[in-house]
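*Asks:* Here my numbering is used: the first residue of the sequence shown is 360, the next is one more, and so on.
Quick caveat, the hints were computed from the structure, so don't treat them as lab data.
A virtual CB, placed ideally from N, CA and C, is assigned to each residue, including glycine.
Watch out, some of these pointers could steer you wrong.
Stated by the list, open to error - Pairwise CB distance ranges, derived in the manner of DEER restraints:
id, residue 1, residue 2, range
1, 719, 446, 42 to 48 Å
2, 429, 541, 24 to 30 Å
3, 587, 642, 31 to 37 Å
4, 678, 719, 19 to 25 Å
5, 546, 429, 50 to 56 Å
6, 538, 469, 37 to 43 Å
7, 698, 442, 32 to 38 Å
8, 534, 442, 15 to 21 Å
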Amino acid sequence: MADIYPAGFNRGFSETFARYGVLLDRLAMATVNGFTYHQPQPFDMPGPDGPLSEEQIGAEFGRRLELAAMVFETKLWRQDLEQWDNEAKPNSIDRHRSLGDVDFAALDNEQLADHVRRVVENTSEMVYQHHRFNMAAMLPVGDFALQASGMTGRPPEPMLAALDGYSPVSGIMPDDMRAAIDKIRSNPAAVELCAGDGDPQDRLMSLRALVPEVDDYVRSVGFRLVDGFDVTNPTVAECPDLILGKFFVALDATPGDARARADQFAAELRTEVPHEQQVIFDELLHEARTMYRLRDERGLYSDMSAIGLVRWALLEVGRRAESDGRLEDADLALDANIDEAIAMIGGGGPSTEVLSQRRARRLELTSEGAPRFLGPPPPAPPPADQLPAPLARLMSAIGFLIEGILGQMDAPAGEDGVVIGIPASAGTTEGTARLILSTEDLMALEPGEIVVAPTTGEAFNAMLHLIGGIVTDHGSFACHAGIIAREMGFPAVVGTIDATSRIASGDILKLDGSTGEVHIIG
């Protein structure tokens with residue numbers, strides 16, 4: 360995806376930052392030696408025509424200041440949410456459903472090449488769509504956390520617990536699964552298929568035939584990646600065990616529990632807010648909760664779906680090349696770039712040897728030892744107290760949440776037997792570690808085990824009933840692992856950098872999600 364993703368990412372960030380008056384042109388993305396890097400680019404950086412004059416910088420600063428003030432006065436994010444709900448999201452659902460229903464067997468080679476081009480073009484647009492809603496998804500959430508922190512004197516990071524349960528798509532039972540779950544609950548044979556033994560693919564096929572709502576659900580989400588944003592990751596439809604696991608978890612779920620905990624926490628916070636600020640607190644909380652779902656919806660309905668469709672198309676290219684004897688393994692097509700894949704359809708393209716070498720290198724790459732920064736670290740942003748109030752509020756909120764999603768420890772920490780990370784979900788637990796480096800590892804999870812993984816994604820939602828705690832290499836307090844841990848009420852420590860290289864399956868861990876400490880005790 361290195362030849363597709365950055366352009367849409369950069370375009371989306373540029374648009375959303377310009378629309379909201381951020382003092383950055385964009386958070387630029389580039390892939391270097393197989394690793395992704397991000398660079399915050401201030402609006403006053405020299406351009407192709409050289410540096411801006413003081414007058415130009417002053418005029419642009421004033422324009423962005425006016426925009427920032429307007430953003431809070433008008434709650435601009437509400438306009439974006441309306442556009443998302445009424446246009447972008449339903450259009451994406453329809454488009455992806457249509458592309459997902461394409462019958463590859465009915466396509467000749469020329470039509471398959473056209474389909475590859477179409478899903479690639481769609482992916483570029485969906486990456487852009489995801490990131491042009493970034494400010495709407497992040498600003499109200501970051502603003503609430505910081506403002507509530509100032510009102511109560513508590514740290515801002517734990518404030519996100521007041522939002523748990525307000526993003527259904529992030530939880531055990533997303534809205535698009537409810538109809539299927541309701542029908543399964545009313546059918547004992549369907550329940551048995553979810554919980555029973557036997558081949559997962561056979562059970563899912565039987566369940567789809569028995570319950571039309573299940574078939575509709577799988578057709579609607581089957582093309583989504585179960586994790587990450589790369590064609591090398593499997594889609595939902597390729598993991599029937601995960602689909603059945605999600606159904607099984609949802610059958611006994613009480614989705615209101617997370618929201619009840621959040622409401623209780625918010626009520627507790629409100630008692631610590633000065634009386635004259637409680638109305639403001641209520642408004643900030645309402646806006647953050649209203650917008651909270653947009654964070655995960657953007658990815659699921661946009662690029663996670665679009666990239667899954669590219670994966671399906673590339674696998675079909677690989678199957679045809681394998682059938683013709685030009686590839687030893689259809690999956691090797693996933694390591695071809697788009698131009699090469701189209702050439703493969705016509706009988707050309709890279710050989711098995713070339714693609715095998717690429718795959719081997721990709722599988723050998725790990726982030727351990729890769730520099731966090733290329734060159735010197737970026738300079739610190741201007742202190743908020745030196746900015747006019749609207750810009751100070753805007754820049755503080757967005758900086759806080761971006762760090763909460765993308766941040767991690769600056770370097771591995773902890774003495775022998777202790778791994779240090781970022782607290783993401785409060786609580787303590789002891790249990791057996793389960794190192795998760797693949798979907799197969801995830802399916803081996805036993806009840807109460809502590810997941811140790813580079814990061815987490817949607818695939819983990821199918822196993823939430825088994826997880827006793829989470830430790831990750833990457834992410835910070837607002838990452839996916841923190842969200843699902845708070846939703847379920849188990850502790851999490853994230854962003855450790857090196858947990859997966861220091862902890863093995865079977866190790867006994869004591870995890871403290873309040874302090875960020877993980878002790879290897881046996």
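*Asks:* Where does the structure disagree with the numbered hints, that is, which hint numbers, in rising order?
*Replies:* 2
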